[in-house]
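Enquirer: Taken in sequence, the protein lines are chains A and B. Heads up, the first sequence is in UniProt numbering, so the first residue is 1 and it goes up one at a time. Heads up, the second sequence is in UniProt numbering, so the first residue is 1 and it goes up one at a time.
It should be emphasised that the hints constitute simulated quantities derived from the structure, not laboratory data. Careful: at least some of the hints might be erroneous.
Claimed, not checked - Derived CB-CB ranges, DEER-like: (1) B/Q163 x A/D498: 40 to 50 Å; (2) A/G493 x B/F151: 19 to 29 Å; (3) B/P40 x A/E84: 42 to 52 Å.
Backbone N, C-alpha and C define an ideal beta-carbon position, used for all residues, glycine too.
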Amino acid sequence: MQRQWRRTAMSLMIIAALALGGCSSGNNGNNGNKAAEPSKGTGNQTVSKDGFPIVQEPVKLKMFTRIAPVNGPFKEMPVFQDYEKMSNVQMEFIEAPTDGFPEKKNLLFASNELPDIMYRSNITPLEAVRYGAGGQLIPLEDLIKDYAPNLNKLMEEYPEIRASITTPEGHIYTIPGIVTLDSARTDKRWINTAWLEKLNLKVPETLDELYDVLVAFRDQDPNGNGQKDEIPMTSRVVGLPIVAAFSGSFGLDLQFGYNVNIADDKVEIWMGSERNKELLMYLNKLYAENLLDHEVFSQTEAQYLAKQGSGNTGIFFDQTNNNFLPISDQYTGIAPFEGPHGDRLQSQNAPVPRDQGAFAITSVNKYPEVSMRWIDYFFSDEGSTLLRFGREGEHYELVDGIPTYKPEFSTAETQPKLTPYAGGGAPHLISEYVGSYINPPQVQEAQKALDPYMPKIRYAAPMFDEATAQKVNMLRNDIDKYYEEQSTKFIAGSLSFDKWDEFQSTLKKMNIEELQQIYQDAYDKMAK
Amino acid sequence: MKNAEIHETAAAPQFRPERGSRLIRQIAKRYDLYLMLLLPIAWYLLFHYGPLYGLQIAFKNFAPGKGILGSSWVGLEHFKRFFDSYYFGRLLWNTLSINLISLLVAFPIPIMLALLINEIRSKTYSKLLQNITYIPHFISVVVIVGILTVFLSPTGPINTLIQALGGSPTRFMESAGWFKTIFIGSNIWQNMGWQSIIYIAGLSGINPQLYEAAKMDGASRMRRIWHVSLPGIVPVIVILLILDIGQFMNIGFEKILLMQNNLNLEASDVISTFVYTTGILKGEYSYTAAIGLFNSLINLTLLLMVNRFARKTSETSLW
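Just chain B, same shape as in the assembly (with noise of 0.2 Å):
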């Protein structure tokens, strides 16, 4: 900075250049990367704030027919309309809580997963576990829908054991109780193997002078995972719940339409999916409009918490 002071006062007499087309020099110095930057730009352009646009519809009567500019605006009816209703505590219940309960069983699996192939001295095995934990990753969420259907019939395979147990069968997938653990469950089995590689990333990032010096101070391996491996991956794991956050209200819409029915709709009826019901399937367009904008405000209240408290304790955060 100083040094650039010293230039301009020196060059004051002749030629000050002017602030916006000095940026445009430096711009043009590096037009590539700047070019490079335009495809994501015009991606966010397109389909992050173009459809900002459309949001207004919330506060409007939206007819397609006079198109969103021509229809006629309401207020906040919309959102005291979605307050009043009988679904509104019920639909604001099963989002945060599913969403709660995943994050508390659900994310720390994966890095206990890490941990755990980390400390696998034989290579192929470690290879073999994390080969298997992530495949499930790959099937799509209709199958998986199917998979547990057909296991958690009543004539499936576990209520046959449950009935050679001498237990009387259970209809899991028709019960509001079983829900939230087959939901949740199903989920961990599916993606704990593909959410710990970038733990297991991490893990082998960290130092091994740092495993020698604990080793020789005499500390035993659940010291050293303790005291070495896990503040290792620390800010990854703060990196990750942040982000995980940012989608806790959207979170499985396509697995939780495919599993609800009306015997566990009062388990399963969440924010997401009474939007499609509304929404699409039924045309009220404005209202749904309005929910899915208060779904959001939530998130991001969530988002900014988590953040300043993640920023807060353990100096990583997002910004």
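Same shape as in the complex, but just chain A (with noise of 0.2 Å):
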């Protein structure tokens, strides 16, 4: 008797424990199917090629979309409420808080609770092929080329933004949010002229300047309060920028949106190289004493733009100059600073195909030529300019031809309300037409300081095939943690420039041979 009930406890533990580790994933595996042809019968429905609306007969569909703290709720934006009667798409809105929203569209996917639209939804190329693989999102190769006249135009202008997002099977799963602006693709270098004039000093040309002029905004009280409570220098955190703003000055490049660097059509992942040790090092000697913010690491996006706005930071690095307009005038944006063999390059630097992955059609869409037609509008100036700016007359007047903000509407808690592209990873065409509000003169100014030094040619992430995207992630996923983590250590001085060689020699073992190779591969394609 007393066996028997150990017996079943014991089964019966077994059992729970293995549930706690197994993950729950409620799935039926029933839509996969119909999702490779997109549906021809779009109800008794015709969706008009041009012109607007876009069904005579209202549709309805369900968007998934990424929602910025500064953001209020979409159904309030007066382009969705407008395009609503324009285009006869009624849109209901699913909204997730930039934070945590990896994790709610992962599981969006994995539960296959799919929406109609993923919007403004970041989705990988590494996502893209898994998700477009398995049938969850639609190919959209045809769709773009009978219903999608804007993007289509931009696409012939700008080869790049195909090559971006074609898999090596010619599907084409995401569109991204294209930026034809230049200065929207950039972090300006903003130096804190204020403080340079108080201590008579030059704006620093190379990485040796930057430091004297580093030391002397610690050290000689620029703020002019007694107190050495100034910030020489920050960034922002995710992602490890820091490192982004200063490859460039050793001659370490950006490509394919990672690590890499393209020259004699060779590529070169530099994560382990030397160059990027002196790279570490020089960051390290900043952090060591004090020139670099010992919160680069750690502070979040509301203490970094808090920074931005109090004027005691000597020198950090941002798109435009809209989180310390109030104080704008004490800060110019100059150029990347000169490293000790001559480099000299601005490597962090976007494609035209910016923000990848910002929208998609999910299989579960019955109406996949409407949703097309419906995102196709923005990537005109004149769907930008509605998604942008809002009513003309009421958010906007155009001054000298281009749309400006009211006044009213253009401060840091009324705009964002008014448009989804604040916050960023909106699906719409960035132009210079639009770009009043991001790019004004003393950002185009700091744009061309930076001009000089951009790389010639700019690759984005490649696509890969889905079993060449599975390596991808399964190799990447271990190394970017890894060289993520170290080179955090490395700067802050935790790890000790000894451990170079294990460093190296672990990133080997982690097999980064074989992630270049695979990259190599990709642009020899690409270059064919």
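Make one complex out of these two single chains by using the hints.
Expert: Quick look at the structure:
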């Protein structure tokens, strides 16, 4: 009797323990099949190939979208209110906040509870291939041909767009946010000119001069309050942007959206290179001497933006001057610094298809043609203006023929409530015509300072076939985690550079050479 | 039994009830109790047995679009990848060491606190102490980590104190060496009061006559604690220990995740957070299901070992 009880109890425990281990995933695989062919029948409706409305009878679609902390509800944005009337497409918004968004997105796919449209969804190339090949995202290339005149035009004008979103099998699963405005693709280097003038310093041109300037910022009390509370230099946290900001000074480029140099048709992943060691040593020197903000590895976005607005920071990096508008006259955008080997490159520089995976259509969508027509409008200047600026006369006015926010809608509080682009990643066209807010004269000047140092070609992250994507995913999960952690430790000084050999050999053990070969193959295919 | 046998032989010629139908009759007789059992059974089936079906993805290349059944089998490939991974040793070591140190340091403290509260004569004072120590239990993890970050920041009160005493400030939250101390220390602070409640209940159940007798025999206070109080709650201690071991490998996931950063990852990277960042955030469901399964197996082994040990030594055990 006792033994039997023991046995049942034991098996119960085993089962319970196992249950804890297995990810639950209530899933049914019946959506997979109908995914491959975009459904031809859009009910009895005809989809007009141009002009509005897109359909005569209203169509309802569910849109899953990211919502930034600064945004208000999407249904209150003028663009969606007006566009619904114009297009006859009614959107139901499922909004997920930026924090925890990747989790929600992946769970949608894993549980196969799909919306009709993924919007502002930052689907990575790896995810696009995985979910596309799995049938959860439908191929868009034919739809683009027939139902997306604006997008087509852009893709002809900028061939790199097509290259960056087409898989080796010839499928397109996602549509990126497209940025034809140069200055929207770089982080400017903002330096506190008020401090420079006060301390009688020149704008630093080389890394050594930068060092001297930072020391002066730290020691000579440029803000004049008698305390050593100045922050000489700071940056964002996620993905080591401080390394990206300085890699160009050591001849390290960022091709393929990765730590990759391309020279003479040779692809090199430079994470373990001597140049990178020099780069990290330089940053380590700045960090150790309190010239680099010690919160660069931990501060939140809000803290970082507060530092921009405080005027108490010497140098920081951002695309616009929007976050420090009230004190913007204290800052100037400057050129990259020249490194010890004479390198001077603005390697931080996004490609034209900047916001990857911003839009996708899922297999449950009954109206793929309508959806494609719907999104295509935003790739025209007219649609983009509606998206970014709202209604003419109410939210914006034309100044010299260029849409410009009315003053009450140009503050940091009101502007992001007006448009879904604030907070980044919305699938639309960012051209010079719609760039008045993010590209005011000061930012244009800052971009001019960077222009001579831009890389000649910028390759976007390549698309792989499913098996290769899987492989890349596996390799990069390990390598990227290791690289980011170790780089942070090198810079912060909690790992000595004596361990560099170990660092290199670990990267090798993680098969970084195989990864390099995969990128090389991708490059060779592209070059052909 | 004997009676039943006699009765059965006597009744044999006319009617012989089947075993099954007797069970049904018994159930029918006590149907109200069995109805109450239905709910927990349903809960177990839905949330503990149902998900077991999905466990097979640990041996498959799970693609959500193809579903669980449609994905292809890959055998033990994911397990192999994990064992060969650079992170395997570190993950296992961190998971085990954090939990082991927690167990060694944090487990006895609520017991001591309970004994202490039990010995306080003033009712108001002991109630006050009990309340003060268990209130932190109700603070959410996010807030706790927020408090830690503020207190331990380079400009926070702790570092200000250190500087006032002539030391140099330490970046506690960004140091691998401090991680375990901070994590376990704050856990103790937060949970000791709450965990001591059950021991206090156990202590109040001890027969006062035992204390009287010990007093008569001239036992000092410490002796009374040692020979009366402690043996009185040993069964409770053992059961709680085994239950703790049951949670061993999953402890503190949210808190560790919140405290994690690149600078302390060396000490704070544990299996559960790795499963979250790789599985949920990067969509490697099969790989991380395999890791989770491995995690559960270790936990099960530990549980069985501790239970057997407890049964041998103290005659108290779960089964």
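Enquirer: Does each hint fit the structure? Answer for all of them.
Expert: Evaluated hints:
1. B/Q163 x A/D498: 40 to 50 Å: The hint (40 to 50 Å, Cβ to Cβ) is violated, given that B/Q163 and A/D498 are roughly 30 Å apart.
2. A/G493 x B/F151: 19 to 29 Å: Holds - the Cβ-Cβ distance for A/G493 and B/F151, about 24 Å, lies within 19 to 29 Å.
3. B/P40 x A/E84: 42 to 52 Å: 49 Å, holds
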